[in-house]
Structure formats: structure tokens, C-alpha cells
Amino acid sequence: MGSIVHWLENHLMPCPYKHYLGIDCPGCGMQRSIIELLKGNLWESIVTYPPLIPMAIMIIYLFLHLFFKFKRGAQIVKYMFIFVAIIVTINYISKLLIHH
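Numbering (numbering that gives the first Met the number 0), first residue to last: 0 to 99.
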């Protein structure tokens, strides 16, 4: 796992949004957050990109729903998506206000 994390750290994809506009995009920080999570640094991962954990839970639940066809699964996925979208939006606005 260490070699994968090391490779990921050295091959982060640049953000074209940040490159051309000079400001973070709503997803900026996700790659670093994933790396911190892979290192076992849960708190650092949350601080780096707060929407990551709820987003991962939503994706896992979505795939479980697609496989097992939960009775209210589609409705739950919809509410989870709204929750994640709100977290992404709050995180993005707070980054813009704090850094600029």
C-alpha cells in the first residue's frame, strides 16, 4: 500500500479550473484527502476535503442498492446526494471566503 500511496502523491492530477481561473474548484482537495485516508489519517482526510467520506458512503450505498434493490433505496440515494451536494457547496464557499 505504501508504494501506491507514494506513487499517487507524486502523480496528482493538476486542476485545470485552478490553472486557468486561479481559484479552487469544488473538487479541489479530493485527491489529497484520498491519499490521507489511504495513509490512515482519517481526521486529516476530513479536514482536507470534508465531502469525501459522505460521498464515499453514498457511492457504496448506491452500488449496494443497484445490486440488492432496496425497497426505498432510490429515495435514500437521492437524499444522500442532496446532503453531499450541500456539503460540497458549503465547503467550496468557505474555501473561497477564507482564501480570498
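The set of hints was computed from the structure by calculation and includes no laboratory data.
Certain hints may be false.
Unchecked claim - Ranges of calculated distance between the beta carbons of each label pair, as one might list FRET restraints: (1) PHE82 <-> LEU41: 32 to 42 Å; (2) LEU37 <-> LEU63: 15 to 25 Å; (3) LYS68 <-> HIS18: 39 to 49 Å; (4) HIS18 <-> GLN74: 17 to 27 Å; (5) PHE67 <-> SER93: 30 to 40 Å; (6) ILE97 <-> PHE67: 37 to 47 Å; (7) ASN9 <-> PHE69: 17 to 27 Å.
Stated by the list, open to error - Derived lysine to any residue pairs resembling SDA-like cross-links, with alpha carbons at most 20 Å apart: (8) LYS94 <-> ILE52; (9) LYS94 <-> HIS18; (10) LYS70 <-> ILE59; (11) LYS38 <-> ALA55; (12) LYS17 <-> ILE89; (13) LYS77 <-> PHE66; (14) LYS38 <-> CYS27; (15) LYS77 <-> ILE59; (16) LYS68 <-> ALA84; (17) LYS17 <-> THR88; (18) LYS38 <-> LEU11; (19) LYS94 <-> LYS38; (20) LYS38 <-> PRO25; (21) LYS68 <-> ALA55; (22) LYS38 <-> GLU8; (23) LYS94 <-> MET29.
The beta-carbon is built from N, C-alpha and C at its ideal position, and this holds for glycine as well.
Comparing the hints with the structure gives:
1. The hinted window of 32 to 42 Å between PHE82 and LEU41 is violated, with their beta carbons roughly 19 Å apart.
2. Between LEU37 and LEU63 the Cβ separation comes to about 22 Å, which falls inside the hinted range of 15 to 25 Å.
3. For the hinted restraint 39 to 49 Å between LYS68 and HIS18, the CB-CB distance of approximately 43 Å keeps it satisfied.
4. With their beta carbons about 39 Å apart, HIS18 and GLN74 fall outside the hinted range of 17 to 27 Å.
5. Remark: the range hint 30 to 40 Å for PHE67 to SER93 is upheld by a beta-carbon distance near 36 Å.
6. In this structure the supplied range 37 to 47 Å holds for ILE97 paired with PHE67, their Cβ-Cβ distance being about 41 Å.
7. Take ASN9 and PHE69: their Cβ atoms lie about 40 Å apart, and the range 17 to 27 Å is violated.
8. The suggested pairing of LYS94 with ILE52 holds, with an alpha-carbon distance near 18 Å, which does not exceed 20 Å.
9. Of the pairs offered as hints, the one joining LYS94 and HIS18 holds, with about 16 Å between alpha carbons and a cut-off of 20 Å not exceeded.
10. Taken as a hint, the LYS70 and ILE59 pair is honoured in the structure, with Cα atoms around 16 Å apart against an allowance of 20 Å.
11. For the suggested pair LYS38 and ALA55, the alpha carbons sit about 16 Å apart, so the restraint of at most 20 Å is met.
12. This hinted pair checks out: LYS17 and ILE89 have alpha carbons roughly 18 Å apart, not beyond 20 Å.
13. Taking the CA atoms of LYS77 and PHE66, the gap is near 17 Å; set against the 20 Å cutoff, the hint holds.
14. Distance restraint check for LYS38 and CYS27: the Cα-Cα separation of roughly 19 Å lies within the 20 Å cut-off, and the hinted pair is therefore satisfied.
15. Pair hint LYS77 plus ILE59 holds up; C-alpha atoms about 14 Å apart against a cutoff of 20 Å.
16. For the hint pairing LYS68 with ALA84, the CA-to-CA distance comes to about 24 Å; that exceeds 20 Å, so the pair is violated.
17. In summary, the hint linking LYS17 to THR88 is supported, as the alpha carbons are separated by about 17 Å, within the 20 Å threshold.
18. Of the supplied pair hints, the one linking LYS38 and LEU11 holds, its CA atoms being roughly 15 Å apart against a limit of 20 Å.
19. For a cut-off of 20 Å, the pair hint linking LYS94 to LYS38 is broken: about 24 Å separates their Cα positions.
20. For a cut-off of 20 Å, the pair hint linking LYS38 to PRO25 is broken: about 23 Å separates their Cα positions.
21. A C-alpha spacing of about 19 Å is found between LYS68 and ALA55, which places the hinted pair at or below 20 Å, so the restraint holds.
22. The straight-line distance between the Cα atoms of LYS38 and GLU8 is roughly 11 Å, inside the 20 Å bound, and the hint therefore holds.
23. A threshold of 20 Å between alpha carbons decides the hint, and for LYS94 with MET29 the separation of about 13 Å falls inside it, so the pair holds.
Of the numbered hints listed earlier, those contradicted by the structure are 1, 4, 7, 16, 19 and 20.
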